[in-house]
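Enquirer: Here's the letter readout for the chains.
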Amino acid sequence: MTDEMSRPLMQDRGERGGSRHLEASASEPGAPLIGILGTGDLSRSLARRLVASGYQVVVGSRSPSRSVALFPEEAEVTSQIEAASQADLVFVAVFPEHHSTLVELKPALSGKTLVDVSNSLQINQSGPSNAQQLADLFPESYIVKGFNTISAWTLQMGPRDGSRQVFLCSDSQHAKSLVMHLCRRMGFIPVDMGALSSSLEIENLPLYLLPSWRIPIICTLSLFLFFYLYNFVRDILLPFIKEKKNDFYKMPIETINVTLPCVALVMLALVYVPGLLAAFLQLWWGTKYNRFPNWLDLWLSRRKQLGLCSFLCAALHAVYSLCLPLRKSARYKLLNAAYKQVLDKVENQWDEEQVWRMELYLSVGIMALGMLSLLAVTSLPSVANNLNWREFSFIQSTVGYCALAMATLHTLLFGWDRAFNPTQYQDCLPPTFVLVIILPIMVLLARLALFLPCMARQLRQIRRGWERNRHIRFCLPRSDLHNGLEDVSNV
Amino acid sequence: MTDEMSRPLMQDRGERGGSRHLEASASEPGAPLIGILGTGDLSRSLARRLVASGYQVVVGSRSPSRSVALFPEEAEVTSQIEAASQADLVFVAVFPEHHSTLVELKPALSGKTLVDVSNSLQINQSGPSNAQQLADLFPESYIVKGFNTISAWTLQMGPRDGSRQVFLCSDSQHAKSLVMHLCRRMGFIPVDMGALSSSLEIENLPLYLLPSWRIPIICTLSLFLFFYLYNFVRDILLPFIKEKKNDFYKMPIETINVTLPCVALVMLALVYVPGLLAAFLQLWWGTKYNRFPNWLDLWLSRRKQLGLCSFLCAALHAVYSLCLPLRKSARYKLLNAAYKQVLDKVENQWDEEQVWRMELYLSVGIMALGMLSLLAVTSLPSVANNLNWREFSFIQSTVGYCALAMATLHTLLFGWDRAFNPTQYQDCLPPTFVLVIILPIMVLLARLALFLPCMARQLRQIRRGWERNRHIRFCLPRSDLHNGLEDVSNV
Amino acid sequence: MTDEMSRPLMQDRGERGGSRHLEASASEPGAPLIGILGTGDLSRSLARRLVASGYQVVVGSRSPSRSVALFPEEAEVTSQIEAASQADLVFVAVFPEHHSTLVELKPALSGKTLVDVSNSLQINQSGPSNAQQLADLFPESYIVKGFNTISAWTLQMGPRDGSRQVFLCSDSQHAKSLVMHLCRRMGFIPVDMGALSSSLEIENLPLYLLPSWRIPIICTLSLFLFFYLYNFVRDILLPFIKEKKNDFYKMPIETINVTLPCVALVMLALVYVPGLLAAFLQLWWGTKYNRFPNWLDLWLSRRKQLGLCSFLCAALHAVYSLCLPLRKSARYKLLNAAYKQVLDKVENQWDEEQVWRMELYLSVGIMALGMLSLLAVTSLPSVANNLNWREFSFIQSTVGYCALAMATLHTLLFGWDRAFNPTQYQDCLPPTFVLVIILPIMVLLARLALFLPCMARQLRQIRRGWERNRHIRFCLPRSDLHNGLEDVSNV
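Protein sequences appear in the order of chains P, S and A.
Using UniProt numbering, you'd call the opening residue of the first sequence number 1 and step up by one each time.
Using UniProt numbering, you'd call the opening residue of the second sequence number 1 and step up by one each time.
Using UniProt numbering, you'd call the opening residue of the third sequence number 1 and step up by one each time.
In short, the hints are calculated from the structure, not lab data.
Values in this document were obtained by computation on a predicted structure and should not be read as measured data.
Treat the hints with care, since some could be wrong.
[Said to hold, decoys possible] Computed list of lysine to any residue pairs in SDA-like fashion (alpha-carbon distance at most 25 Å, straight line): (1) K333(A) x R331(P); (2) K250(P) x E352(A); (3) K333(A) x E347(S); (4) K340(P) x F232(A); (5) K244(A) x F232(A).
[Stated by the list, open to error] Sample of chain A residues facing chain S (criterion: CB under 8 Å; computed from the structure): (6) S53; (7) P206; (8) L209; (9) P252; (10) I253; (11) I256; (12) L316; (13) V319; (14) L326; (15) Y332; (16) N336; (17) L380; (18) S382; (19) Y401; (20) C402; (21) A405.
Note that the Cβ used here is the ideal one computed from N, Cα and C, for glycine as well.
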């Protein structure tokens, strides 16, 4: 399921056939002749794309006879010195550690534009970037850094969604415009990142590994570890120590199944805390123009990841719960209970309160999961991009708070009256659900507080630009779009 | 999980770093100097995007010294009058209620292009739009309405999918072309909506809240209410009235669990009804060039939403069903049945027919759910866009009808022979499943009717342009692509 | 849920209203006047899109008075000869079988560009394409083939994702550039496919039906058939023949439920086999510049589809497993076991080993399913495109192998010690799980072998361009990105 295997429309049919049947599509007069130094995957894909966009391409290889089979017919494969001489603009598609071997081409490349598409192996914090080193090697050429974030496959098959942006930088404005124009012809969107000093940034881009997920994942794992140990101590270890009760079989499923919902609920509450903190900060300051503290900005930007981690835990909790009747332990317990009921000659066992408790908390739990699924689906990039701001805000905010309320109610119903039963508090360890619902209930109460007319009205004013110390008042319409609407202000 | 938190590639790395390191990228000679009046989120994002696209930007603020920290280094922050004088094209990024405060800038803005990016708070049915009011305030400037549907985040991070389209309108063709060119440089797709009178339409666009979902959601809720009351009366209320049986515990889960599949099946049938009505109408008229009635057009355009509501109900039904053995009520019933079996000294209880009934209808139900999941996944925008017409039609039509057939079979197997058992019809209330399968069976029979050679051939002819009253016959190839293929006609 | 129902932002509001309110947006001077011959869906959508992009449009119809109501106000509807004379560029939007009826327009169309947007009904392997036949009919016009892969809906509403690419070909470079420019103005990405001889290829494009899924689906169905028969013979038929045991009720659910995981596990292993074969081939050859055999290339390109089939089977297996306690057969078995336990007077039935076995293999199975879900979600086009290469490779490769390991462990725990129990091997049929885990274990061992320092280092060298027969050694940094990184080489 790697990138090479995404199925574009053209796979095995159009693109391969297309290059097979592509006849001499004479490029438009005036279009530059593009050279490519290097014969790896990226060179091949670049050649195909350039040819498909109507350019003439010449490829420079150290063994032209060997490489000619790899390239489309329209691209001419020749020696490196030939290619460098003929081309107007040259893609340097070689490993950065081999840039120095191109030094003999310096005269041929003098005055031309070189595009460095190389990637490094590690994140380079300091020290010159590959592009800057290339610029030192070829002082008479104009170096443009770009195309290194596009995979060979995307180049060959055509751009889609988020991989359309190509980040470029160069010291020469003219060279950069040339490459930007080429970029657009190929169907990508060039993003101008400035001078060549930005090349370090650009080279580091494809080396990051899900950076915005680190804090949410660490948070999830920490909460999981904490609650698992708490439940283990409370449900398995203490009974073992005090009553010699062997409940260790509960570790793989039951203990995990009471830990996952704790993590899910706390993470879900954590999604809505920063929004409320931001609102209360703005109310406290009386203005919206002060910058939030960095930690709050960071927290606000991680809400989606926190929410998706919460959804994953909730979904796993559902699956674990549905597995409970499958287990042998559940079967044995049921059979033993039947035996006991026969022994006690109880004909009709029925505890109405316990029955209602379970029916209610299961039903509410399923509703909460359904709402969380809606939130998760609308977080998918393609779905989110098809919603306008009001719709997205309605779902993530309104439906989100409903999901939080449902999940809290699910936990309260699950707890029922155990919170008030003193035997549950032995060893000073309260029942887990009591620990867990503190934060969500605070979040829901804070949100309700923001519905109070005085608070709501002042917040709305602040978000339309009012500042307490400026005493600027405006005539505001009654209804308002929810917090978070992109705002413009006249200051 | 709000829009501010979508993780673009550049978050915290490229974009912030990018603007930090972006050196004086002198814009191309001849490019207009862009001014922005206002200092809110949208202004900041606009400034970042314009700078990244290679433009020179000057921002007009009422407190320049306070605002300069908020903007990238390359954008010059100065007084409003300064910015208005220097800029060639000005984005008016202020709240619409503050447009009048800009009146002092009229001379400086005379003869220039102003882009109104404001949004209203409510849907404006009549009365002048913000853009028109701005045009009245600045009669000597050329007003272009646009960019109001793009959120601040999309502007800053770059366009993706559906949010790439920017709707523009203006009375001045020259001003509109200028802004369209700017739009494309920023990576968006401009859509020309005509003269400034279209600005009301454009301003209302981001204020709609899922308009195409209203009818399907109302339909789902109505069906749910109807079937829930029907099942409640039939399964709980009547037994309570007649036999004093207290089955109210069934309300949260069991009654919901027999209601959801009813809603799902009826909604799924409703997805395929309009297509069949359209086909029969075309057969009746003998031509495809008559317009369908408005209600049929509307119904045809809501099929995806109806199908997704059906899928949601089916998925919830699956989860509720899987929850049934978890409940205390199920446990008590099982234990009581074991007790009874011991009392009756029955060693081996086994009803082969009942066993087979359940195995079959569960298996068929899971298959139906699997096919519905396939339909739901291919409705996702990114997946749907990667399928060509023939593939999409195959899945939604062929697999869809199979899912409907499976779901109907699941219901018939669930009902087994209860439909023929007179005791099920007491109080003149037939079993719910009998009510539910009427529509799906009619739909399936109608679809089979369209397979009859005479009907199929005539429909194919009609869809290739034949008209009964024109007596135009063509030589048609045998096989044909399924109904719904984009058709072109020679009329 | 068909294509007509995708909800673009403009549905029922902008686009319909837009065309209603669009006033005379005089097209830019110098823009060609576009003609459209034909009045079907595609013509209407084309007209709307062209008008929205600022072009003047004239439509040629055989009954102008009848068709005028179908088109936007800005498009002029007139006779075919009028439209052909006025227009500079003409879209021939008629069925290919009616092209010959346009012959009377030859003089009017002489010297103009005609765009053939027709689609055929079947894949045309040989023989002239529609575009070539049109070129024969109109030797004095310049034929461009294009726009036939774009559905009417996409044309009307604007391009999104994968449907943005428009494949064009023509013998005239000038005509092709004209249409490519038009294409870009409409918001699409033109892809130059060469001369008119490519038109056969382009016309076949929208007629393929999921070609890259054929082999994976056939593979899945074959494996399913094989394992179902194996399990049926082993679990139902042989006991029936030998002990007259009637277990046929197991066919709809239990036998399917032991077949699905076999298929899922083998398919998942098949996803990783080609990557390992490729790595070992490169180690054997000592170079990466030899081309892989065709079957290996094909297998490598189907990995995503194989993985998604595996995920579907795994998910269905989970649902079938969760259904097991719902069945009447399970209920009867439980009640009979309770009766037996009462008869045997066993108060506390508990087999610690069996309990632990089930807890463990259920828990590990859920974890494997969770990881597979992650793989499936990141295969969605929009999600995959938002990940860079390193992230995508990490998830598909690292998380993928973990999922395979988890699934193998799940199967081993399920098997427990049955593999060593001779009674399981009667009739020379080993337990199914023994058959199934052979391939996954080989895959995991091979992957571990590639971690050995000598193998890993040599493979890394080869992938950075080293060749055994060239004796070229480079100084390589220690860490390396995982296999599959786009590589560039200096050869």
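Enquirer: Does each hint fit the structure? Answer for all of them.
Expert: Going through the hints against the structure:
| no. | hint | verdict |
| --- | --- | --- |
| 1 | K333(A) x R331(P) | holds, 11 Å |
| 2 | K250(P) x E352(A) | holds, 11 Å |
| 3 | K333(A) x E347(S) | holds, 11 Å |
| 4 | K340(P) x F232(A) | violated, 38 Å |
| 5 | K244(A) x F232(A) | holds, 15 Å |
| 6 | S53 | holds, 6 Å |
| 7 | P206 | holds, 5 Å |
| 8 | L209 | holds, 6 Å |
| 9 | P252 | holds, 4 Å |
| 10 | I253 | holds, 5 Å |
| 11 | I256 | holds, 7 Å |
| 12 | L316 | holds, 6 Å |
| 13 | V319 | holds, 5 Å |
| 14 | L326 | holds, 6 Å |
| 15 | Y332 | holds, 5 Å |
| 16 | N336 | holds, 6 Å |
| 17 | L380 | holds, 6 Å |
| 18 | S382 | holds, 4 Å |
| 19 | Y401 | violated, 25 Å |
| 20 | C402 | violated, 23 Å |
| 21 | A405 | violated, 26 Å |
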